[in-house]
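K.L.:
Letter by letter, the chains look like this.
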Amino acid sequence: MSATMEPTSDLLGARGPLDQDWRKVINYGLLTALVLMFISLANMPVGLDSRKIIEPLLSMGYISLLWVPAALGYAVTSEKVLEGMVAHKKGARELVAGLIVGLIGGGGLGLLIVLIDNFDLRDPLVNWSPQLLALLTFDEGIGYGVGFWLMAGAALGLFGGAAHVVSATVRKVVAAAILWILAFSVFETVISDISEGIQLEWLADELYYVRGGLSQQGAVGVAVVGILFALFGREHVREAKQSFQSLEGEKRTRANAIMLGSCVVATIVLPMVLGRITNELLANVGLFVLLALGLNIVVGLAGILDLGYVAFFAVGGYTTAILTSSNRGESWPDWMPHTHWFVALIVVVVFAALSGLFIGAPVIRMRGDYLAIVTLGFGEIIRLLFLSDWLGGFTGGAQGVTNIPGVDLGFVEVKGTDPRAIFYLVAVFCAFAIYVSWRLEKSRIGRAWMAIREDESVAEAMGINTVNAKLLAFVVGAVLAAFSGAIFAAKVGSVFPTSFIILVSIVILVVVIVGGMGNIYGVIAGAAVLIGVLGGPKQPGLLAEFSEFKLLIYGALLIWMMLKRPEGLVPNVRRSRELHQEEFLQDAWLKGHVDTDDQDELGDEGGVAPA
Amino acid sequence: MSGERLLTIKNLSVTFGGLHALKDLNFHVDEGEIVSVIGPNGAGKTTFFNMISGMVTPTAGDIIFRGESLLGLDPNQVTARGIARTFQNVRLFANMTILENVMVAQHCRTKQGLWGSLFNTASFKKEEEEIREWGEHVLGFFGSRLIGYRLEQPASVLSYANRRRLEIARSMATKPTVILLDEPVAGMNPKETEELTGLIGKLRSEWGFTIVMIEHDMKVVRDVSDRVVVLDHGETIAQGSYEEVSTNPEVIEAYLGRPAEEAS
Ligand SMILES: Nc1ncnc2c1ncn2[C@@H]1O[C@H](COP(=O)(O)OP(=O)(O)OP(=O)(O)O)[C@@H](O)[C@H]1O
Ligand SMILES: [Mg+2]
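Line by line, the protein sequences give chains A and B.
Mapping of the first sequence onto numbering that gives the first Met the number 0: position 369 corresponds to residue 368, and the numbering continues sequentially without gaps.
Mapping of the second sequence onto numbering that gives the first Met the number 0: position 151 corresponds to residue 150, and the numbering continues sequentially without gaps.
Quick caveat, the hints were computed from the structure, so don't treat them as lab data.
One should not assume that every hint holds.
Here's a subset of chain B near chain A, in silico, CB distances under 10 Å, partners left out [unchecked claim]:
id, residue
1, Asp73
2, Ala83
3, Met102
4, Val103
5, Ala104
6, Cys107
7, Arg108
8, Ser116
9, Pro153
10, Ser155
Heads up, the beta-carbon is just placed ideally off N, CA and C, and yes, glycines get one too.
Next comes chain A alone, as it looks inside the complex (with noise of 0.2 Å):
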C-alpha cells in the first residue's frame, strides 16, 4: 500500500510504437469507420453543411466526421490508471494507435465513397445522394475524395493520440482555441445579438461573415482571446471560486445574496440588449425550466419516474385556452365568460391540483417501472381525451383552440409576439418555482420524499405515509407544469392535441437527467443546453439546422451521459454519491473519514486482543 500511494512519481517506461493491443487498435478503427459511415447516411454531412463555422473553410456538417477520428485516436490508448497502478510514460506507442485508427477510419469514408460511386442504394437509404458524394468528394473527382479522408482521418487520429503525448500546456492552449471557435459559432445569434444592443456592431461585423459563420479574422481573434483566458484567466476564475467557497457564516450569506442578485439582475438586463430571435429562444427555454423544475420535484427528490408529466402542461394549457379564448369549442354556453389570463391562472392550479390527484391516485401504490409505463399511459389518454369526438365540442378537437389573448397587464399586454414581455413572464413564474424547490427540499416534506426515494418500505415502517407525500409530491408538479402550460397558451396563441405529444414528456425527462437529477442549477443547465442550442420538441434552437438530427443527438446524449456521467452536468451531492459508492466511499477513506471500525473512536479502551 505504502510504495504505490503516488502513482506519479515513478513511471514506467514509454511502450514501444508497436507494443500495440493490436486488437484494441482494430476494433477502434473499425468502430471509427462505421461511426463515420452511420453519420454520413444518416445525412447530417449534407444537413448541416449550410451552417457555417468559419466561412468558407469549415462547416457544421464537415464537423460532424471530423471529430470522430480525433475523439476515438484519443480513447483508444487512454486508460484507467486505479488506485496503485503505475501508469506508463507516453510516447510514440499513442501517435501509431491514434494513426491507425484514424486511417482505418479514413478508409471506411473512402470505401463509402466509392460504393455510392458505383452502385445506386437510394432505395432503402435515402440519403445514399449525389449531394453526400459532391460533399465527401469536395467535386474533385473519386480519387482526390479517398485520399483527402484517408490523409485526414490519419491525421486526426494522429492528433488525438497527440493529446496523450504533449504537455498538459499544449493540450490547454489546443483545447482552448476549438473550443473557443466553436462556442462562438454556436452562439453567433446571441453574441451578434448581444453586439448590437450594445452597440458594438462593428465587432459582430469584424466577427462573422454576412451570412453566418465565423470570418477568418474572426477566429483567428477568437482562438488568440480564448488561449491568452485559458494561460492567465482561468487560474483567477478558479481562486474566486475556491475563495467563494471557503466563505462561512456572515460571509458567506453575503456573497450568496450578491450572487443571486446579480443573477436576478442579468435576468433583466440580458433580454433588453437582445433582439427577437434570442428572446424567443429564452423564452421557450424558460418555459423548459419551469417544466423540469416540476418534474425535478417528483423525479429527482420523490423518486416517482413519471413518463406522463406533459398530462399537466396539457391541463394548464387547455385551460387557459378555453377560459381566454374567444374561439373555443362551439359546445360551451354562452355564459361561460372569457376571463382574463390571471382568472385562468386560478383555475388552472385547481384544475393542476385536481388532475395531479386523479392521476396519481391509481398509480401512487405501484413501484418503478409499473409506475413509469402507466404513467405514460395516462399522458396520451388526456392528450386523446383533448382530441376525441367526446371532448372535441369542448376542446376543438384536432382544431385545437386558437385566438388566445395575450396577457393583459394594463400598460402593456403580454403575448407571443413581443417574446421579451413572454421571458419576464416566464422568468417570474421560473423564480416561484425555484423558490419552491429549494424551500421544500429542505423541510420535512423534502426529507419524507428523499426517503421515499432512498427505499420505500422502511420510509413507510418509520411512519411516513407515502401515499400522501407521494401524491404531494405530484400535485406540486403537476401545478408547476400547470403553469409552464398557460404561458404557452398566451405564447403560442394556440393549443392543439400535436402540443402535447408524447415527445415533449420525453424531452423534459432528458433534460432532468442531463441537468443533473435533484439539482436545480443542474435542471437549468439543462434546458439552457439542450432546448437553446440544440432545441425542444417543435421549438428551433440556437443550432436551428440540427432540428433534423435533434433526436438522434438526444439520444446519443442520454446514452454517453448514462456511461460517463451519470450525475448529470450538475449533479447533486446525493445522487453522485448514489452513483459512485464505490469511488466515493475509496475517497473518503483514503481521506480517512470511514469508519472501518471502531477502534479509532474507542481510544486506550480499544482493540479487542485475540484470546
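Given chain A's structure and the hints, the job is docking chain B with the ligands onto it.
P.N.:
Showing chain B with the ligands alone in chain A's frame:
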C-alpha cells in the same frame, strides 16, 4: 417490574404459498418488559416482526396493541401508534446524512406542511428546531459515535456496528412505546456486543421503552430478557424465563444442544 398489558398476540398465523411461516402464536408483552424471541434460522421470527409492523398481513389471528387491533393498519400507522422497529439487514437511508436519518423518522410526530415550508413560518422554524434537537438527543445515546462531525455525513460511510446503532437511534427517534429490535448485535465483535447489551438495558431503564428483541446471541438474551419465546418452524415450542427455556429439552433439540452449552 411489568406494568400495563401493551401487546397481545392471539393465534397469529401466516402462510406463504404452502409454507406455514408462523402457526398459532400466542404471546403478550407488558409495559417495561424486555422479551426475546429466539429460534433457529427460518423459524419465522422476522416474519413475526413484519406482521406487527404492518408489512405482512397475517392469514389468521390478531395483534392487539393497547386494546386496539393493529390488523389492517399501514406500517406508518403502526409506527404512529408507538411501535418502532429496526431491520435485521440494516436498511438505513444510506445517502441521507446521519442527522437526516433521525430527523425523517419523526415524520409522524410532526405536522408542518406546504404552507409552513414555503413561508418559513415561526411554527415551521420552531418545529424544525425541535426535530433537530430530538434527533441529536437520540444520537447522543451512543456517546460521541454518531454526533459531532458525523451528523452531516451520509449514513453510507458508517462502519457496520455504527449502522446498527443508527438503526436503533432512528427507531428511538419515532418516539415509540415499544421497540422491535431484529438481531441488534449481529455482526458486532464481543466488545461492541457487550456495550450494546448494556445500552439495551438502558433503553428500558432510562428511556422507558418496552422492548421485543430477536437475537441469536444467547449471552445477550440471557443478560437482558425478562422472558423468552422460542420459535421453531413457525411454532412456539417454549415460553418462559431464560433458565426455563434453556433447559427445555425441546429447545435444546431445536438448537442441537447449542444453548445448553452456552448456558453452562
Ligand atoms: N415474503 C415472503 N414470501 C415467502 N416466504 C417468506 C417470506 N418472508 C419469509 N418467508 C419464509 O418464511 C420463513 C421464516 O422467515 P423469517 O425471515 O421470519 O425467519 P427468521 O426466523 O427471521 O430467520 P433468521 O434467523 O434467518 O433471520 C422462511 O422460510 C422464509 O423463507
Ligand atoms: Mg430474521
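K.L.:
Each hint needs a verdict: does it hold in this structure or not?
P.N.:
Results for each hint:
A distance limit of 10 Å between C-beta atoms decides the matter here; for Asp73(B) the minimum to chain A is near 7 Å, and the interface restraint holds. With its C-beta approaching chain A no nearer than about 8 Å, Ala83(B) sits inside the 10 Å limit, and its interface hint holds. At a threshold of 10 Å, the smallest CB-CB gap from Met102(B) to chain A is about 6 Å, leaving the interface hint in force. A hinted interface residue such as Val103(B) counts as satisfied when its beta carbon comes closer than 10 Å to some beta carbon of chain A; here the least separation is about 4 Å, so the hint holds.
Here the hint on Ala104(B) is kept, as its CB sits about 5 Å from the closest CB of chain A, short of 10 Å. Hint on Cys107(B) holds. Least Cβ distance to chain A is approximately 3 Å, under the 10 Å limit. Given hint, Arg108(B) at the interface with chain A, holds; its Cβ is 8 Å from that chain's nearest Cβ, closer than 10 Å. With a least beta-carbon distance of about 4 Å to chain A, the hint placing Ser116(B) at the interface is held under the 10 Å criterion.
Annotation: interface hint on Pro153(B) holds; nearest CB of chain A at approximately 6 Å, less than 10 Å. Because the smallest distance between the Cβ of Ser155(B) and any Cβ of chain A comes to about 7 Å, under 10 Å, the interface hint for this residue holds.
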